[in-house]
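Q: Sequence:
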Amino acid sequence: MEKPKRFRQTSPHRLEIREDAGYLVPLLVSLPLLAAGLGFIVPGLSMLQLGSAAETPLGSALIFFIIGLFLSAGGLFLLVVVVKIFSRYEIFIDVSQGIVQQTWGLQLFAPIRRKDFGLGDYRAIALRYWSGTTENGEPTLGVLLLGNTGGDIFLYDLPDYSQARDEAMFLTWFLSLPLEDLTKDHKTNAESPCPWPGYPIDSDRRNKRG
1 MEKPKRFRQT
11 SPHRLEIRED
21 AGYLVPLLVS
31 LPLLAAGLGF
41 IVPGLSMLQL
51 GSAAETPLGS
61 ALIFFIIGLF
71 LSAGGLFLLV
81 VVVKIFSRYE
91 IFIDVSQGIV
101 QQTWGLQLFA
111 PIRRKDFGLG
121 DYRAIALRYW
131 SGTTENGEPT
141 LGVLLLGNTG
151 GDIFLYDLPD
161 YSQARDEAMF
171 LTWFLSLPLE
181 DLTKDHKTNA
191 ESPCPWPGYP
201 IDSDRRNKRG
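Heads up: the sequence shown begins at 1 in the UniProt record's numbering, then just goes up one per residue.
Hints in this document: simulated from the structure, not taken from any laboratory. One or more hints might be untrue.
Computed list of lysine to aspartate or glutamate pairs in EDC-like fashion (alpha-carbon distance at most 20 angstroms, straight line) [to be verified]:
#1 K115 <-> D152
#2 K115 <-> D94
#3 K115 <-> E90
#4 K115 <-> E16
I would like the entire structure built from these sequences, with the hints used as guidance.
A: Dropping the structure here:
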């Protein structure tokens with residue numbers, strides 16, 4: 001099995017997790033919003049000539065007010081589309097410093113928001129049903145860092161159980177944490193070799209896990 005694109009290791013102790021959907025999927029999801037935005041903007045622009053031709057200042061002001069509402073609503077919809085297409089959510093895990101860092105932002109720009117967490121506050125990697133839905137209407141599988149006293153960190157979700165479990169097992173291997181599979185009737189604590197042989201982890205960690 002190939003290592004998924006969402007995982008990128010920049011040093012022996014540092015792992016980046018990022019979404020790999022690209023631009024096409026967010027664009028397709030945003031098409032209704034794009035249509036709604038254009039549905040406001042096009043009529044608004046078409047009314048500009050009416051505002052200029054109004055017979056009274058009050059009528060002209062009223063028309064331009066309505067135009068402003070249409071353009072504002074359309075612009076808001078388009079802004080949402082831009083954010084959905086170009087948004088970026090990344091997680092950085094540094095086991096040498098014992099930190100987990102979440103960042104939010106837009107592609108090609110510096111992160112807008114960042115939150116740091118201590119790895120010592122998390123006890124396991126969890127696999128559970130998430131709020132998303134697959135093409136068949138079934139819930140997606142969420143991969144999370146389970147906190148010792150709550151405050152779990154959502155990492156990502158996947159539609160396929162086997163892939164979600166394999167990726168969760170890789171994270172347990174990298175972080176030296178157990179896996180809690182909460183999709184079953186009972187919790188499953190498990191550890192296994194890395195599902196992607198040859199993935200560049202330093203020899204000290206490899207020997208510890210072997």
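Q: A separate judgement is required for each hint: does it hold in the structure or not?
A: Hint check:
1. K115 <-> D152: holds (13 angstroms)
2. K115 <-> D94: Holds, at roughly 14 angstroms.
3. K115 <-> E90: Judged against 20 angstroms, a Cα distance of about 11 angstroms means the pair holds.
4. K115 <-> E16: holds (15 angstroms)
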